[in-house]
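Chains A and B are the protein sequences, given in the same order.
Start counting the first sequence at 23; every next residue gets the next number (my numbering).
Start counting the second sequence at 51; every next residue gets the next number (my numbering).
No lab work stands behind these hints: they were computed from the structure.
Please read these numbers as outputs of a predicted model, since none were measured by experiment.
C-beta: ideal position from N, C-alpha, C; glycine also.
One should not assume that every hint holds.
Pairwise CB distance ranges, derived in the manner of DEER restraints [what the hints assert, rightly or not]:
{"id": "1", "chain 1": "B", "residue 1": "H129", "chain 2": "A", "residue 2": "K118", "range": "40 to 48 Å"}
{"id": "2", "chain 1": "B", "residue 1": "K88", "chain 2": "A", "residue 2": "E27", "range": "25 to 33 Å"}
{"id": "3", "chain 1": "B", "residue 1": "N67", "chain 2": "A", "residue 2": "E39", "range": "32 to 40 Å"}
{"id": "4", "chain 1": "B", "residue 1": "R113", "chain 2": "A", "residue 2": "S49", "range": "15 to 23 Å"}
{"id": "5", "chain 1": "B", "residue 1": "K88", "chain 2": "A", "residue 2": "V66", "range": "15 to 23 Å"}
{"id": "6", "chain 1": "A", "residue 1": "S49", "chain 2": "B", "residue 2": "S112", "range": "23 to 31 Å"}
{"id": "7", "chain 1": "A", "residue 1": "K78", "chain 2": "B", "residue 2": "S122", "range": "41 to 49 Å"}
{"id": "8", "chain 1": "A", "residue 1": "S123", "chain 2": "B", "residue 2": "E53", "range": "34 to 42 Å"}
No farther apart than 25 Å at their CA atoms in a straight line, the calculated lysine to any residue pairs in the SDA-like style are these [to be verified]:
{"id": "9", "chain 1": "B", "residue 1": "K103", "chain 2": "B", "residue 2": "K90"}
{"id": "10", "chain 1": "A", "residue 1": "K126", "chain 2": "B", "residue 2": "A130"}
{"id": "11", "chain 1": "B", "residue 1": "K90", "chain 2": "A", "residue 2": "S95"}
{"id": "12", "chain 1": "A", "residue 1": "K118", "chain 2": "A", "residue 2": "K81"}
{"id": "13", "chain 1": "B", "residue 1": "K90", "chain 2": "B", "residue 2": "Q145"}
{"id": "14", "chain 1": "A", "residue 1": "K118", "chain 2": "B", "residue 2": "G64"}
Which stretches of chain B does chain A cover? Using the computed rule of at least three CB atoms under 8 Å from a CB of chain A, they are [unchecked claim]:
{"id": "15", "segment": "61-75"}
{"id": "16", "segment": "120-126"}
{"id": "17", "segment": "153-165"}
Residue-level listing of the chains:
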Amino acid sequence: TQLLEQSPQFLSIQEGENLTVYCNSSSVFSSLQWYRQEPGEGPVLLVTVVTGGEVKKLKRLTFQFGDARKDSSLHITAAQPGDTGLYLCAGANFNKFYFGSGTKLNVKP
Amino acid sequence: DTEVTQTPKHLVMGMTNKKSLKCEQHMGHRAMYWYKQKAKKPPELMFVYSYEKLSINESVPSRFSPECPNSSLLNLHLHALQPEDSALYLCASSQDSRPGWTEAFFGQGTRLTVV
């Protein structure tokens, strides 16, 4: 059962553009993580959001947790080629992490 | 230090071989995980160890056998695998197993190829 759906699945943009990735679920999570993964490597934790409505900023990345703690978004401002990778959201409940379907981002110079 | 170390990075094994994957963390985390990731797919949970005891087995075939010798180490013993078991195997750890928010840190993974 896929508990978390991400959209879009693929995104190819030019350097300097802005983008938003969405992570949606019908389930409530105690926390939600965003990871970035390079091919053949493990996911690297970017941020954890815990409180409904919470907004966290990490340089050009802005993460938001929905009020009901069922969904989240990742917004990247002025994307750079170094942002290229697979972005994964993961909802956490009782020590189980459910991964979203992933968004593959390609930022062209 | 948020490092989870996995060895080996790459492994090629035959269907009759026995091999082991190793994972180590020194963050004092009491929950450790094995995930399997096929190409272009998200990671899928296999096992969860909580305080060195197996707490979750996601109906994984018995040819995969996890072991947690102590709170810092996690092994995955492999025997009689099939070519379709070829994947990136990821180890992760998190602070503890109590309900509530927690976050997982992942290793670099072991790229396994079964021939």
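Which numbered hints are broken by the structure, listed smallest first?
1, 2, 3, 4, 7, 8, 9, 10, 12, 13, 14, 15 and 16
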